[in-house]
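Enquirer: Sequence:
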Amino acid sequence: MIIENVKIRPFCNHDMCDFKEMFCTYLGDFNIKIVDHKVDAACLEIADSSISEISPLDMILVDEKLVGFICYQIDNPNSDWCEREGWGFIREIYINRSMRGKGLGAKLVAHAERVLYAKGAEHIYLTSDEADAFWSLCGYKKTGIISDINHDPIYEK
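Quick note on this note's numbering: the sequence shown kicks off at 4 and runs consecutively.
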């Protein structure tokens, strides 16, 4: 199925309500339970990091409806995550369940990679304990190294 009318753009403050809803579902995918005020705080922190360009948060829309997001950065000491200084890092990615398997996640990853390479990253990595097939399709290889920060396997490109 070909999806048309796909747009990727930076997070805007008016996205917050939809972002919070997606973020809660994202956490649920990992069986993480979190109380509302902590979700609010986490989403505000992510939004602030995006607006300050420490960790951009980009939204994917289909027919003008938000259906997913990706958060990424170049690791540096100013971030709350810095495992490989100077490397591009894909922090979080999410696509609504009803839209999965349609290539939207791969579009988000390719978009983030273009931005990270344009900002000077020579290599990109991520951590994930799931979705090995997806990351392989996107060209990432499992390194056999476990992250010191979240204890998930590290993938590189």
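Certain hints may be false.
Stated by the list, open to error - Calculated pairs, BS3-like style, for lysine-lysine (alpha carbon to alpha carbon, straight line, at most 30 Å):
#1 Lys-110 / Lys-160
#2 Lys-105 / Lys-10
#3 Lys-105 / Lys-145
#4 Lys-68 / Lys-122
#5 Lys-122 / Lys-145
#6 Lys-122 / Lys-36
#7 Lys-68 / Lys-10
#8 Lys-110 / Lys-68
#9 Lys-36 / Lys-105
#10 Lys-144 / Lys-110
#11 Lys-105 / Lys-144
I should point out that these hints are in silico values taken from the structure, not numbers from a laboratory.
Enquirer: Check the hint pairing Lys-68 with Lys-122 against an upper bound of 30 Å on the C-alpha distance.
Expert: holds (28 Å)
Enquirer: Between Lys-110 and Lys-68, is the straight-line Cα distance small enough, at 30 Å or below?
Expert: Between Lys-110 and Lys-68 the Cα gap is close to 16 Å, so the pair holds against 30 Å.
Enquirer: CA of Lys-105 to CA of Lys-144, is that 30 Å or under?
Expert: Status holds; Cα separation ~22 Å.
Enquirer: Checking one constraint from the list: CA of Lys-105 to CA of Lys-145, max 30 Å. Satisfied?
Expert: holds (23 Å)
Enquirer: When you check the alpha-carbon spacing of Lys-68 and Lys-10, does it fall within 30 Å?
Expert: It holds: about 9 Å lies between the C-alpha atoms, which stays within 30 Å.
Enquirer: Mind checking the alpha carbons of Lys-122 and Lys-145 for me, to see if they're no more than 30 Å apart?
Expert: holds (24 Å)
Enquirer: When you check the alpha-carbon spacing of Lys-105 and Lys-10, does it fall within 30 Å?
Expert: Satisfied, since the Cα-Cα distance of roughly 14 Å is no more than 30 Å.
Enquirer: Please work out if Lys-144 and Lys-110 have their alpha carbons no farther apart than 30 Å.
Expert: holds (18 Å)
Enquirer: Given the hint that Lys-122 pairs with Lys-36, does the C-alpha gap stay at or below 30 Å?
Expert: violated (35 Å)
Enquirer: Lys-36 and Lys-105: Cα distance at most 30 Å?
Expert: Judged against 30 Å, a Cα distance of about 28 Å means the pair holds.
Enquirer: Check whether the Cα positions of Lys-110 and Lys-160 lie no farther apart than 30 Å.
Expert: holds (16 Å)
In summary, the structure is inconsistent with hint 6 from the numbered list given earlier, while agreeing with all the others.
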